[in-house]
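*Asks:* The chain contents come next:
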Amino acid sequence: MIEITLSFLIFLIAAYGLIKDTNVVKSIICLNLLQTAVILIFILLTRPSGSSLPIHGFSPTAPVDPLPQALIITAIVIGASITALALMMTVKIFHYYGTLDWQEIIEKEK
Amino acid sequence: MIVRILLVILIILAILVVKEKNNLHLIMYFSIFSFTAASVYFLNYALDIALAEVAVGCAFVPLIYLITVSKQNVFTVLIDKEFLHGEDYQDNDLYKKLVFLLEDFCSYYTLELKVVTKRVRYYPTVQGIFRPGNIDLIVSLDEENNHLVITGNKSNIMIPRLDKMTRKYKNIDLIEVDEYEGLDE
Chain A
349 MIEITLSFLI FLIAAYGLIK DTNVVKSIIC LNLLQTAVIL IFILLTRPSG SSLPIHGFSP
409 TAPVDPLPQA LIITAIVIGA SITALALMMT VKIFHYYGTL DWQEIIEKEK
Chain B
3 MIVRILLVIL IILAILVVKE KNNLHLIMYF SIFSFTAASV YFLNYALDIA LAEVAVGCAF
63 VPLIYLITVS KQNVFTVLID KEFLHGEDYQ DNDLYKKLVF LLEDFCSYYT LELKVVTKRV
123 RYYPTVQGIF RPGNIDLIVS LDEENNHLVI TGNKSNIMIP RLDKMTRKYK NIDLIEVDEY
183 EGLDE
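Chains as they are written, first to last, in the numbering used here: chain A, 349 to 458; chain B, 3 to 187.
Here chain A stands alone, though its shape is the one from the complex:
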């Protein structure tokens, strides 16, 4: 239970960074932190205490459920590709506006 609470704290810190900061690069990094926190919560929730490695014939006790892990791998790969796309847009934004600050870009647009 403590582990899940700590993971949720990471989620809250990342959300705070996403709201507060005006740097584009930092916003994208905070999105990545959010994703990591969600994955942590997912893994810690689906692991019953006393379970062991999900390898057949290797573990003495009941193994952890491998299905959530298989789902999460997809999430990691999609997160990486979304990051790549967002960073490509960042390069274009920088060359169009000459800055990477949300606030300055919004003032320029007015």
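These are calculated hints, taken from the structure and not from any lab test. Heads up, a few of these hints could be off.
Simulated pairs of lysine to aspartate or glutamate, DMTMM-like, Cα-Cα distance not exceeding 20 Å [stated by the list, open to error]:
| no. | chain 1 | residue 1 | chain 2 | residue 2 |
| --- | --- | --- | --- | --- |
| 1 | B | 98 | B | 82 |
| 2 | B | 98 | B | 145 |
| 3 | B | 156 | A | 449 |
| 4 | A | 458 | B | 178 |
Since this is a predicted model, take the numbers as computed values, not measurements.
Place chain B on chain A using the hints.
*Replies:* Only chain B this time, still in chain A's reference frame:
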């Protein structure tokens, strides 16, 4: 117990990421964060996720961040090839002034100067120059008055700052254009 310590380390690293101002330090903290998260996955018997996280979160994603941040400080200037025509263009008074201005500007705002030379008159619109090559400025020669004309994108926040520096040079004019305008009216 170890998992709890690692989670506390993760929280500290997340706070460091939120508080950090320097983009390069930010990326390094993120890389360490991903590695620690991979250790937590491993200790919770999620081996395949730990593998994927080490490969993607700890190496690939910081790499593309580094590429982005290294492109962030480049200030690309396109100089018309017809201005650089001839062998003695480096002794030209205008050329010396231009180089001095650009180096002064880039060192003041800690930008990295990158110079490209092309024939500008072959391009029908400004958009065709600015967009594909990530060009920030176009420098061309006005032969009638022997003036240098610097063309910048209206949306770029650096152009008004360059304009302040350009005012003390009489032979250099700076004009701001919208991306969708033509080069010569």
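*Asks:* Now look at each hint and say whether the structure bears it out.
*Replies:* Evaluated hints:
1. 98/B / 82/B: holds (15 Å)
2. 98/B / 145/B: Cα-Cα ~17 Å, so holds.
3. 156/B / 449/A: holds (17 Å)
4. 458/A / 178/B: holds (17 Å)
Checked against the numbered hints above, the structure violates none of them.
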